[in-house]
Each structure stands twice: as C-alpha cells, then as structure tokens.
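> These are the residues of each chain, in order.
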Amino acid sequence: MMAAVGAPEVISQLESAAKVLMAPPSMVSTEQRQHAEHIFLSFRKSKSPFAVCKHILETSKVDYVLFQAATAIMEAVVREWILLEKNSIESLRTFLLTYVLQRPNLQKYVREQILLAVAVIVKRGSLDKSINCKSIFHEVSQLISSGNPTVQTLACSILTALLSEFSSSSKTSNIGLSMEFHGSCKRIFQEDDLMQIFMLTMEVLQEFSRRENLNAQMSCVFQRYLALANQVLSWNFLPPNLGRHYIAMFEATQNVMLKPTDSWRETLLDHRVMDLFFTVHRKIREDSDMAQDSLQCLAQLASMHGPIFPDENAQVTYLAHLVEGLLNMINGIEIEDSEAVGISSIISNLISTFPRSVLTALPNELFASFINCLTLLTCSFGRSAALEEVLDKDDMVYMEAYDKLLESWLTLVQEDEHFPRGCFVQPAVQVFNSYIQCHLAAPDGTRNLTANGVASHEEEEINELQEDDRELFSDQLASIGMLGRIAADHCIPLLTGLLEDRVTRLHGQLQRHQQHLMATADPGTVDRKVLDDLYEDIHWLILVSGYLLADDPQGETPLIPSEVMEYSIKHSTEVDINTTLQLLGSPGEKATSIPGCNRTDSVIRLLSAVLRTSEVESRATRASLTGLLSPQMGKDIVWFLRRWAKTYLLVDEKLYGQISIPLSTAFGADTEGAQWIVGYLLEKVINNLSVWSSEPELANDTVELLVTLVEKRERANIVVQCENWWNLAKQFASRSPPLHMLSSSVQRTLMKALVLGGFAHMDSDTKQQYWAEVLHPLQQRFLNLINQENFAQICQEEAVKQEIVATLEALCGIAEATQIDNVASLFSFLMDFLSSCIGLMEVYRNSPETVNLIIEVFVEVAHKQICYLGETKSMKLYEMCLTLLQVYSKNNLGRKRLDVAGEEDQYQDLLLIMELLTNLLSKEFIDFSDTDEVFRGQEQSSGAGRAVSAADVVLYGVNIVLPLMSQDLLKFPSLCNQYYKLITFICEIFPEKIPQLPEELFKSLMCSLELGMTSMSSEISQLCLEALSPLAEQCAKTQEKDTPLFIATRHFLKLVFDMLVLQKHNTEMTVAAGEALYTLVCLHQAEYSELVETLLSNQRDAVIYQRLADAFNNLTASSTPPTMDRKQKQLPLSTPSTTQRSLSPCQTMEMLSAAQAETPMGLQTRMPPERGERPAKAERGRPVGHDHLSLI
Amino acid sequence: MADPDLDFTSGDAGASVTYPMQCSALRKNGFVVLKGRPCKIVEMSTSKTGKHGHAKVHMVGIDIFTNKKYEDICPSTHNMDVPNTKRNDYQLVDISEGFLSLMMDNGDVREDLRVPDGDLGKEIESKFAAGEEMLVTVLSAMGEESAVAVKPMTK
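Chains A and B, in that order, give the protein sequences.
If you count by the working numbering, then the first sequence holds residues 0 to 1191, one letter each, in order.
If you count by the working numbering, then the second sequence holds residues 345 to 499, one letter each, in order.
Simulated from the structure, these hints should not be mistaken for lab results.
Don't be surprised by glycine CBs; every beta carbon is placed ideally from N, CA and C.
Hints may contain errors.
What the hints assert, rightly or not - Quick list of the computed label-pair ranges, beta carbon to beta carbon:
#: 1; chain 1: B; residue 1: 422; chain 2: A; residue 2: 25; range: 48 to 58 Å
#: 2; chain 1: B; residue 1: 419; chain 2: A; residue 2: 488; range: 42 to 52 Å
#: 3; chain 1: B; residue 1: 453; chain 2: A; residue 2: 1001; range: 38 to 48 Å
#: 4; chain 1: A; residue 1: 1001; chain 2: B; residue 2: 467; range: 28 to 38 Å
#: 5; chain 1: B; residue 1: 422; chain 2: A; residue 2: 589; range: 33 to 43 Å
#: 6; chain 1: B; residue 1: 487; chain 2: A; residue 2: 390; range: 50 to 60 Å
#: 7; chain 1: A; residue 1: 504; chain 2: B; residue 2: 487; range: 50 to 60 Å
#: 8; chain 1: B; residue 1: 453; chain 2: A; residue 2: 893; range: 22 to 32 Å
#: 9; chain 1: B; residue 1: 422; chain 2: A; residue 2: 470; range: 23 to 33 Å
#: 10; chain 1: B; residue 1: 422; chain 2: A; residue 2: 1001; range: 52 to 62 Å
With the sequences and hints as input, model every part of the structure.
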C-alpha cells in the first residue's frame, strides 16, 4: 500500500479547499469554488488513497475533509476491490469502525458517511467467499448489550446503514456494480442478516418496553430502534426468480406490502412479535412521532402475505390474533389525532391483503366486533374530518383516515356474497347516516358546526381551477353510494324524504323572496344565508343520490346496479304503477300532496325528487329570480340527470336477468314515461341554455346532457320527435339570442349535438327537412356572404367577421360529431367548406385570430375523420391541407409582427399546424378505412395516380414549420413536445423520404435532432434517439455511402457513443439509446472501432486499459460482425434460444455501460462534477451482461 | 348582428366604434375595451364567491396600440364593450421624418402614420433602407390607427 508520502501537503491543500467551499458565496469567486471542487474530485479519484485517508482521519480537524476522506475510501475500495489484499480490506473495515467508536463526538454527517463506507465494504464482500465480514453482527450485538445509550445509538446507525445498502432502493449507494450483483446481495441478506438485525431490534424493543420510566436519552434510542424495526418490516423482499429487468421495476414500488420468504416463518408467525408491537404502541402512543412508527409496524404486519403462511389455517390464526390485538388496542382509548391515519392503515391493509375466505373463517363474534369497531371508527373519523374542514386545517389527518376506511368498506361490500347475508346492512346504515349528517346543515345535520356547536359560515373565493365536489370527493361518494345500495331499504327513502323536504323549503323561501322583492324592489336586502344552506344540503343530497343510483357513466352501457334493481323488484307488489307515473309526471306538485304517494316506487320517487328540484329552479328563472339561484345546484341537477339518463332511460330488458316492472313501465322503450321524460329533459336543456349562458360550467354540463340524449340512436329517435328539439335547432341555426351568447366551446358542443340528432331514425322527408333547417342555413348564409362581390371590402366589418367566426366554430362542432356511421355525409359537407376556408385564409391573412380558427377547423376535421377515410377521400383531404399550408406559408414567410402579441399568435399557429400534421400522420397507424362500406357507392376506383401522399403533405408542412421555428419558440414546452413528436414520427414512418429532402430542410432536420438529443429534456432526447434507428436502417437498405444521410448517421454514432460511455444520462433512455447505438454500430463498424481505439489509447493505466478493452471485446464477441437483421426491437423474452447468441440492442447498451461503470476511464476530464452524488437509481440500470435471460 | 337579413353591403359610415357583448361570450385572443382602451384579451378566467355564488370573469388585456396591460373583473352576465377593429395592408412607399408613406388601394398615399416603436419599427426602417418592397398591416380601432405588422411583397 502506498505510504503516506506527502500526506501533510495533501491535508493542507484539502483543508484550504474546504475553507473555500464552506465560505459564504460573497467571499469566493465561482472560479475559486470550482477549483476547490476539482481538488476534492481528483482526490477521490486518486489511486489507492487508503494510507492518506487514514492519516487524514486521524489528524485533520476539518469535518468536511473527514467526510471526503471517508467517501474517497468507499469509492476506492469498490474500484480497486479485485486488486486489493483481502486482509487489508478487513483491517480497513475494522479501522473505520474502531475510529467511529472511539470518537463519540464526531459530526453526525461524518459518522454516517464512515458507517456507509463500512456498509458498502460489507456488501461488496458479501458475495466474495474469500473474505468474511460477518463478524460485524457479533460486534454490533456486543455494542447493544453495553447498555450505554450512545453506543447503542451507534449500533443502530450501523444496522440502518447496512439495511439501506442492501435494500437496493434509492437509498443504496452507487458503487458501479450490476443489477444482478445488487439482487444477489439482497437475496442472501434477506435470508440471514436481515433476520439477525430484526432479532437484535426486537431484543432492544423488548428490553425498553419492560422499563417503567424512560429518560429522554433512552427514549431517543428507543425511537431509533423502532424506526429500524419499521424499516425491516417494510423490506421489499426480492422473490427468488425475478429477472433483471423486473428488479428495477420491483424496487421502484411504493407502499411495500410485507411478503417475507418462508424462512421467516418461525420468526414472524410467533405471536410474541405482534404482541410486542401492540405493547410498544400502548406505551408510546402519546408521542406522535413514535406512534407513527409503531402503527406503521403494525400496518406492515397487517399486510403480511405470501409463502410465509404454510396454509389458510395459519392465516386465519394470524389474522384472528391481529384483529384481537387491534380491538384491544382501540377499545377503551380516546384516539389521538396522530393515531388516526396509522390505525386506518392497519385496517385497510388487512382488508385488502387477507382473502375473503380467511376473513369469513374468523370466529363469528370476533368478526362481528371487528365490523362493529370499523363502523364506529368510520363514523367518528368522518365527523372529525368534517371538523377539520370547518377549521380549514392544513393537515387533514382525519380526512385521510376516513378516505382509507371508506375505501376498505368498498373492498368489503363489493364481494359481500362471501359474507353472512345482510351482515353489512346495519353498518352501512350507520356509515351512510353519519355521512349525510355531516353534510347537512343544522338542525338535521352538523355541517359547518365546530366542536362546541358554533356555526361558521364563510364565503371564500373559488376559482375555476378548483375541482367540483363530485370529482374532488368521487372516491368517498362512490363508497357512500355503494353502502347506500347495500342498505337501499333505508337509504333511498331517507334521501328522498330529505330532498323533498329541502325542495319544498326552497320553493317557499324563493316565494317569500319574490314577494319581498315585489314590495321593496331592492334585491340588496335579500339574506342569502338560508338559501345557501338549502342549496348546500340539496347539493350533497343530489351528489349522493347520483352515486347511489348509477355508476360512473364512462363505460359503454352502464347497468342499473343490481342492489337497486332488486330493491325495486322486492317492493313492486306494494307499488301502484299509476300513482307512480303520476308522481313522476307532475314535478310541479309537492310529492306528498299526491294521494297514495306512499305506494309509489322508491327508486322512481328519488328521481322525481330531483325533477322537483329542477322544476323549482326552472320556475324561479321564469319568475326572474335567476339571481337568487345557485348555479352550483343547477350543475348538480344536470349532472344527475345525465348520469341517470345513461343508465335508466330506455332501460334494455335484455341486459338484465330480472327487471323491475315499475322501472320498465316508466322508462322502457316505447313507453309514454320515456317520451315524457325526454321531453322534460329537453325543455330543461333549452331553458338552461337561455338563462345560464353566463355560467360556463353549468352551460357546459347542460349541453353535455343534450349530447347524452342524442348520442345513442334509440334515445335520439325519441328526441327528434319533440317539437322543442326542432325549435332549438332552428333557433341555433338563425343565430338568434340567447344561444349566441354562449361561450364558443358550448356552441361547438351544441352544434355537435344537433348534428348527432340528425342521424336519428326519421322518414326521408323529415330527414331532409331537418338538414334543411340545421345545416343548410349555415351553408347558405356562409355562401351568400363570401360570394358577395364586395366581400373583400366588407370583410373587415364587425358583423361580417362575427358571421365568419360563428361559421368556423360551427364547422368545428360538426367535425366533432363524426361517428363511423355518419362520416360519409359529414365529410362531403365539410369538404365544400374547407376549400372556401382556404379562400378565407387569404382574405383574413392579417387577422391572426381568424387564421387560427381556420387552421383549427382543419385540425378537427383531420382529427375526427382521417381514420375513416378511404384512399380517394384521404387524398382530397391531404390536398386541401397542402393548399392551406401553402397559403399560410406565403402569407407568413417574412412577416414580422408587433412584439407583444406576435410571438403568442405565431406560437398558436405553429402548434395547430403541427397538430394538424400529426393528425394526418396518425392515419399510418390508426386506420379503420377497410370497413369502407361507409362510403359505399361514393368511392370511385381511382387506382392510378396517387397524387399526394400523407408524407408529402407532412414534409411540406415541416418545411413550413422549420424556418418559423426559433429557439425562443421551442421554449414553449407544449410546442417543443409537439415538434419533436412530429419529427420522430416522420423518421419512423417515412425514413425513405428523408434522403430526398431539399438540402436546407435536411440540414435543419438533422440539426433539430442533434439539438433535441443534446440539450432538451430527457423525454425529447428519447424521442430523438428513437428517430435514429430507422434512419440508420434506411442507409443500410440503400447501400449508398457518402450520401448526406450516411454522413449524418456517422456523426450521430459519435454523439450516441459519447452520450452512453462518457456522459451522465438518464436510465429511462437506456432502451432507446441502446437500440440507436446498435443500429449505428452495425452501419459504421469501422468508425465504431475507431471510437473504441481512441478511447482505449487515452487510457494510460495498463490494468484499467485491459479491463476496458475486455469489456469492449465482450460486447461484440458474441456477434461478429453485428448485423441489422438480428436486431430485436423488443426485448426478446419469448425466444431465448436465438437471442442468447445474438446481441440485442439492450445488451449492447448494458455491456457498454458496464464498461463505463467498472472503469474510471476518461472520467478524469469528461465526468460532470456531481458524479459522486449521482443517485443510485441511475446506477442500477447499468448491469454487467451475464445471465440475461434468467427470467425465462 | 342578430338579424339574419343583415345588410352586408352598406359601408361603415356612422357605425359605432364598439358593440356590446356578454362577458361570458368573450374569448381569449379576442378584443375588449378595458378602462376605455381597446385591448386584446390575453388571459381570461372565472371565479365565484362562495360555492353557490355566480360566475365572475377576470380579464387581462393588452392595449393594442400602447402595449399597456389592463385588468378587469366583472359579473359574467354583464355586457362589455368590444371595439370594432379593422386591419388593412398598404404598400410602403416612403419613410420620412418618422412617418410612413403608405399607398392605399385607390392609389392615394397617406402619410399620417408614425413608424412604430420597438423592433417592428427598426425592421421596417432597415428593410426599407435595403430597398425591399413591403406591405404594412395597419390596425384601426376606436379612432386610432397603428402599423402592427410588416411582410415582404411576394407578388
């Protein structure tokens, strides 16, 4: 080993460098700082620094220098491991440990770093049979038994460092070794050493839990061991046969569930382990920090599963013990705030981990007490969560706990057939009641009441970004809705009663206000407090009703929940159908005023309670009381009606095993009820659109209800029979008030709905008439306008501009209505407009907002229709887009606009154009046009003369976009993403077009790729790498050397090579970079060899040279020379036999990286300074290439 | 504008310089009058006071002539004034003493518009000095006019 020659000089140099680094920023220059950093970096890379480091540790007083010395030892040991004498490694480890033991006053960060070095040595040694590092556990247990708190803390630190090192998690140090190495170490560790650590920890906890009084120091040690126990129980046990590629994925999982190997059976199935944690928690539960650890330990135990259980009996016994312990722990205590989340984690873990069969095998009484306890806890956490909301607390612990418990309920009751029948009904009633109670105002409920019963009522500003309660609380509402179904007998009538009562009160309250207003005519005197309370009650009642009656309507055909169906069937014998229909059909009357109202179907009555709410709202608008209404309640109503309509309206009997007569009589196909309700909903929509145009969200929800009514043919058939529908269509077509006051997005959706309705079943005369009233006025007005002789003069007039904008908006809406069965007619209709739109581009060339909207029309048409179009139609659209782009280019090339808005305008144009190009390209991978019967009879056989291809349009478009694309514009992230997505697509889909590009365009494309690879985000970089392989393959295919593309790929070879071997890069790019490198190496083998030679020749150290040379040889040895056709784009899991011999791109990548990781080559000059701090995560993706296919 | 039989043929003599529009129907990138100035809307968002309150619209606009920023917030049921705007392209024939000489469609030359400030003005001057032929876009609203864009002549 090198003698400590010149050590004092080294120390003084390092100490002065440390002074520079520690100095305040104002005192030193950047150069000085960089120089100081460089000194430490090269110090850490120096060869065999052990003697110097020891000397430093023993003599220096500067903490930072000590820290660096420890780091240098750690890095050097791993780097030079195979060259070092085993006994010198052992003595080094002993030295470090003794060093720490003898210096109890070391700075914490220095001590932790030295222990880290020890842990790394132990880990590196664990796979090396020639060296024995096991003695460390013996030493640690001696430290623990010393009884000295300081020493015990140190022992805990050693164990924690070991645990972090072996866990292969993000806490693991980067020591330049392969994934397999980390995996093997971990597997050995978890079978043996981890258990030793656990046993040691348990002994300490046992010892402490027996003591009566713990002083502060003791309790500190206790806490550290408790945290250590938690770390052990949260160990992500690596299964024995997990392939390398899955290890990385596996290690990245959050919320690890405890799944120990079977060798842990004796240890963890011993009841005393669990009992100890319950005892510990009882002892420390008032200390909120420690309580979190002890509860987390219990939650981990509650998540235990896997081979540790020999059979189901063992699971039942374990669970029973756990549940007993839990109940004993909870019963009779007042739960602390800090315990809520932990306790709910225990429950949610055990419910989601243990199979239903195990839960049901628990002794009946125990199970009942558990459910009872869960019920009480849920209600109590719910109330506390409501209090938290009133107090507007930042840390909503009860809300989090409540969420977890409600989710557990959902898990439980979703499979309730496994449990004794009806066992969840009573709990469901209680949880449901308490939820409703917390959300209603006093006196029925406790909303906005603080603990001592004081009401708080604050009006806060709510911006549009804040989610609506129906989304914000969707998980809670889904659970409550489910519980409501379980206890439908109680919950549906409860909701109905409450809602009917609130609606009656709202009606009365509004009437009083109206009288008051007529008397005083001063709206300022209205007290909204009572109204707002009613609105808030109704808001929650409608949300819960919606979640109870129907599921999230995102799926295809949502079904009526079976519990609701059964409930309706069960009572159908007591129900009078006529009275039910009467109740449904008279939303203007009080439900209770209808004779026999108690003999009506409860499911229908709940819907009709919402219709009554809706009716009160509509009447108030007619009485000019809109200002007093709540737009939120308006949203709730249409949201509910939409959700309801998707599930119940025109209920299809074929989808159900048994059907409720009241439901099918009221809402089935061809029933008066269904017709009536469609008419009612339509009237609601029309009323809303005229009175609520100023409320964008409400208008939007309303128009979405309209879309729901017409998007399914069966419903649309009824809709188009309503006179109101025709009125709406005519009104919209004539652009008369109030519809034109709606926001543009609502107008688009309205247009979409009107078009969808046109495809309902009508006789041909009616159909013709419909289109004559909906679409033709649009066309007529537009043509009249643009065909006027003086259009060029009047085009700038405001009325003309508005007409144009309205037409363009409508076109977007029409495109949005495209479906496979209407694309043929909509396409022809829109095509006529598109060519006129190009004319408009010319006329409005200097009005950016109009140009923008015109491009948007093209984007929408391409987006919605291209995938259905056959060859001729596609061609027409391509040509149209090409012309559009030509006009755009002509008018914008060289145009310079006013600075402020100019860049923003340009940015939006370009973004839209790229979106258009990407949409056109999408035809290459999403194409439904073989089902071409949609154009039957229209498609002429055009066989010959494919005039324009997607590639031509897209490349032409890129030609336009590129010169306009400045570095500044690329700073808009969305634009940058869209741009690189587009050019990668082009390279992948049309590599053969690339060599034919005009020189300038080719150059800028290549520059863009290089720029994207080297100086953009990793996502962009990845896209660019993906573009390289197809380009290289293209070169290989043509066999031509010295083409510009060939030369460009050679340049990229160097770039990718440097990137992989010499620079830091993100592991997410591994696959893309490996693939790119592989194809580039195939193409340019000579250049590749040259690169390797150059790299090697820069390496002066003979030993390192040899290791590096070997690594490169290994890389290509199995496949000389590498050829393209062996290239596997995907990871070849299914064909191990062929891939074992050939070199897959991933292998290429990994072996090269291995070369990088194992050797410090070239790093002296090229490695970025933060090399030492590179996170372990990046390292783990760089394994040595052995046993690649161990998975299969 | 609501009248379907609107007469598009008449000129703009006597036309009002602004027209009203409900706040909610305004659009981003459109125009609005804020604090008496014609502005391009660069930001628009809604908010409400209390869960059951009515929507208010918050607008940020940039004065199309002075580039100054203005903000306003109002109930979304309110009507706002929208300026009638017009853009015309004229051929640049001369620059003298900071004024542009622009040729109109009928051959007349107007010399009442200043060379705009900032980069755009510099661009116009340098290109003109280099002898390039250009079209200048003039934006007018509420009785004011200004050059807002320039483009080399292609035809």
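> Run every hint past the structure and note whether it holds.
So, going through the hints one by one against the coordinates:
Restraint check, residue 422 of chain B to residue 25 of chain A: a C-beta distance of roughly 54 Å satisfies the suggested window 48 to 58 Å. Restraint check, residue 419 of chain B to residue 488 of chain A: a C-beta distance of roughly 46 Å satisfies the suggested window 42 to 52 Å. Judged by the Cβ atoms, the range 38 to 48 Å given for residue 453 of chain B and residue 1001 of chain A holds: they are separated by roughly 45 Å. The supplied range of 28 to 38 Å is met by residue 1001 of chain A and residue 467 of chain B, whose beta-carbon atoms lie about 29 Å from each other.
At roughly 37 Å, the beta carbons of residue 422 of chain B and residue 589 of chain A sit within the given window of 33 to 43 Å. Checking the proposed 50 to 60 Å range against residue 487 of chain B and residue 390 of chain A shows it holds: the Cβ atoms sit about 56 Å from each other. Hint check: residue 504 of chain A to residue 487 of chain B, Cβ distance near 55 Å, so the stated range 50 to 60 Å holds. The hint said 22 to 32 Å for the Cβ distance between residue 453 of chain B and residue 893 of chain A, and at roughly 23 Å that hint holds.
In this structure the hint that residue 422 of chain B and residue 470 of chain A lie 23 to 33 Å apart at CB holds, the actual value being about 29 Å. The beta-carbon spacing between residue 422 of chain B and residue 1001 of chain A, approximately 55 Å, falls within the hinted interval of 52 to 62 Å.
Checked against the numbered hints given earlier, this structure breaks none of them.
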